[in-house]
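Novice: Let the hints inform the model, and build the full structure from the sequences given.
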Amino acid sequence: MISGCSSLPRIAVVKYPGTNCEEETAFAVKQVAGLESSIVWHTELHWRLWDAIIIPGGFSYGDYGRAGLIASWTKSIDEIREAIDNGTPVLGICNGFQVLVEAGILPGALLANSNGSFIARWLWLRIRRPRGPWLSVATESQLVSMPIAHAEGRYYVNNLDEVRQGPWIEYLENPNGSIANLAGVSSHDGLVLGLMPHPERAAFPWQAPPGYTAGGRLIFESISQSLRNGW
Amino acid sequence: MVVTNKEAARDPEGETLAHELRKQGYSYIVSLRAGKSYIVDIEAASAEKAILLVKELASRSRLYNPVVHDLRVLLLAENSRGKVSGD
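Taken in sequence, the protein lines are chains A and B. Its first residue numbered 1, the first sequence is counted upward by one per residue in the working numbering. Its first residue numbered 1001, the second sequence is counted upward by one per residue in the working numbering.
Quick caveat, the hints were computed from the structure, so don't treat them as lab data. Hints may be right or wrong, so weigh each one.
So the derived label-pair ranges between C-beta atoms look like this [as the list claims (entries may be wrong)]: (1) R164(A) x K1006(B): 43 to 51 Å; (2) L1053(B) x P205(A): 57 to 65 Å; (3) L1053(B) x Y156(A): 30 to 38 Å; (4) A1045(B) x H188(A): 52 to 60 Å; (5) L160(A) x K1049(B): 43 to 51 Å.
Listing some non-contacts, in silico: residues in chain B with all C-beta distances to chain A over 12 Å [stated by the list, open to error]: (6) T1004; (7) A1009; (8) Q1024; (9) L1057; (10) L1071; (11) V1073.
Simulated pairs of lysine to aspartate or glutamate, DMTMM-like, Cα-Cα distance not exceeding 20 Å [unchecked claim]: (12) K1006(B) x E1078(B); (13) K75(A) x D85(A); (14) K1055(B) x E1020(B); (15) K75(A) x D51(A); (16) K75(A) x E1020(B); (17) K1023(B) x E1013(B); (18) K1023(B) x D63(A); (19) K75(A) x D63(A); (20) K1055(B) x E1043(B); (21) K1023(B) x D85(A); (22) K1023(B) x D1041(B); (23) K1023(B) x D1011(B); (24) K1023(B) x E152(A); (25) K1036(B) x E221(A); (26) K1036(B) x E1013(B); (27) K1036(B) x D63(A); (28) K30(A) x E221(A); (29) K1049(B) x E1078(B).
Here a beta-carbon is modelled for each residue, glycine too, at the ideal position from N, C-alpha and C.
Specialist: Right, here's the structure in full:
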């Protein structure tokens, strides 16, 4: 058997100073999606080398200024914009979602939770109008569970109709005061998805506490299917 | 109330923001301080009295910690509430 070049699709997991969910995100891509994945330092990100890009969770640049602000100034964002213009799927998880909204790639803003606290808990989500590479195996109104862990997750947007032109993810029980229970929003075509819940922490049954299931698998199974067979 | 870290206590947030902004081309930034501001509406007989009350509030409540913080109290508006005539 000839070893060497693999033809598997490759996903970059971008790391900024303060990112801390990159290992488990890359692990979930490999184990659940069955794709190749590497952790890429943000200055080394070249979009042409990758079939999809994930900005994982954490506290990039210490959340200085606002969560995601300084990362949104880096040249990795120019790479990500170009990737999106060329049809490369991009996913932002938690702090990655905050980076995407700070960069203006996704609409809206993420404000401090309405209860003033950091919230870390599992909860149920509903997938709405799924389409695009990150939700290609989801069905309308499918329920999934994942954990959240954030202090600034209260999604706010001026124009809800704009957001609802793409797929979105909503909380069944709104934990943080997000407008319209929004937990995640997308570009119209679903190519770019940002969400506060952590799919990589809900990628295996052993991660889920009693009463919940590994709902994050949906995201990784979708991108696997999409990169192999289109979406 | 504007609460910032004293020079000796450093200011990693401000220093990081200044450093990253200079990298973005804003080379004219000499320094940048991060801090917290609190806007308080209070009742007082005069502007001078209001500033004194707010300084006392900041110190007693430890919203400002004199060990590590500098405090500035700025008057933003007078008669902001309960004003019958005028604007």
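Novice: Hint by hint, which ones does this structure get wrong, listed from lowest number up?
Specialist: Hint check: 8, 12, 14, 21, 22, 24, 25 fail, others pass.
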